[in-house]
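S.K.: Make the full structure from the sequences, and use the hints.
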Amino acid sequence: VTPSPTELDNLMCVRNTLALHLARKSLPATIGTKRECERCPMASHCVAAHFILEK
5 VTPSPTELDN LMCVRNTLAL HLARKSLPAT IGTKRECERC PMASHCVAAH
55 FILEK
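Residues are numbered in the working numbering as their position in the sequence shown, beginning at 1, plus a constant of 4.
Hint data in this document are derived by calculation from the structure and do not stem from the laboratory. Hints are not guaranteed to be accurate.
Cross-link-like lysine to any residue pairs, in silico, SDA-like; alpha carbons within 25 Å at most [unchecked claim]:
no.	residue 1	residue 2
1	Lys-29	Val-51
2	Lys-29	Pro-45
3	Lys-38	Cys-50
4	Lys-29	Met-46
5	Lys-38	Ala-53
What follows is a list of derived Cβ distance ranges for each label pair [said to hold, decoys possible]:
no.	residue 1	residue 2	range
6	Cys-41	Pro-9	27 to 33 Å
7	Leu-31	Pro-9	28 to 34 Å
8	Glu-58	Glu-11	31 to 37 Å
9	Pro-7	Ala-52	20 to 26 Å
10	Phe-55	Thr-6	39 to 45 Å
11	Phe-55	Val-5	36 to 42 Å
12	Asp-13	Phe-55	31 to 37 Å
13	Lys-29	Pro-7	26 to 32 Å
14	Ser-8	Ile-56	38 to 44 Å
15	Ala-52	Pro-9	34 to 40 Å
16	Asp-13	Cys-41	22 to 28 Å
17	Thr-6	Met-46	27 to 33 Å
Positions of the beta carbon are idealized from the N, C-alpha and C atoms, including for glycine.
M.R.: Pasting the structure below:
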């Protein structure tokens, strides 16, 4: 499968965002959309991590 230029651009943006958060040792903001979070396989980990960091 050959990705389109737009898909490559989007992938690079996501990679750069991830690299930024790894360098800062921080977590990205939560999605905050009920529908998206309900379908996310990492929802329990995400909620736990943000709960711990808020204290």
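S.K.: Against this structure, judge whether each hint is valid.
M.R.: Going through the hints against the structure:
Pair hint Lys-29 plus Val-51 holds up; C-alpha atoms about 17 Å apart against a cutoff of 25 Å. For the suggested pair Lys-29 and Pro-45, the alpha carbons sit about 22 Å apart, so the restraint of at most 25 Å is met. Straight-line distance between C-alpha atoms of Lys-38 and Cys-50 comes to about 13 Å, which keeps the hinted pair within the 25 Å bound. A distance of roughly 19 Å separates the Cα atoms of Lys-29 and Met-46; the hinted pair therefore holds under the 25 Å criterion.
About 18 Å separates the Cα atoms of Lys-38 and Ala-53, which keeps this hinted pair within 25 Å; it holds. For the pair Cys-41 and Pro-9, the supplied restraint of 27 to 33 Å holds, since their beta-carbon distance comes to about 31 Å. In this structure, Leu-31 and Pro-9 meet the distance hint of 28 to 34 Å, their C-beta atoms being roughly 30 Å apart. Judged by the Cβ atoms, the range 31 to 37 Å given for Glu-58 and Glu-11 holds: they are separated by roughly 35 Å.
Here the CB-CB span from Pro-7 to Ala-52 is close to 33 Å, at odds with the stated 20 to 26 Å. Checked against the hint of 39 to 45 Å, the C-beta distance between Phe-55 and Thr-6 comes to roughly 42 Å, which is consistent with it. Range check, Phe-55 to Val-5: Cβ separation about 38 Å, and the 36 to 42 Å hint holds. As the Cβ distance of Asp-13 to Phe-55 is approximately 34 Å, the hint placing it in 31 to 37 Å holds.
Distance hint for Lys-29 and Pro-7: a CB-CB separation of about 30 Å, consistent with the stated range 26 to 32 Å. For the pair Ser-8 and Ile-56, the supplied restraint of 38 to 44 Å holds, since their beta-carbon distance comes to about 39 Å. Roughly 38 Å separates the CB atoms of Ala-52 and Pro-9, a value that falls within the hinted 34 to 40 Å. Separation of Asp-13 from Cys-41 is about 26 Å and conforms to the stated range, judged on CB atoms against 22 to 28 Å.
Under the hint 27 to 33 Å, the C-beta atoms of Thr-6 and Met-46, about 29 Å apart, fit the expected range.
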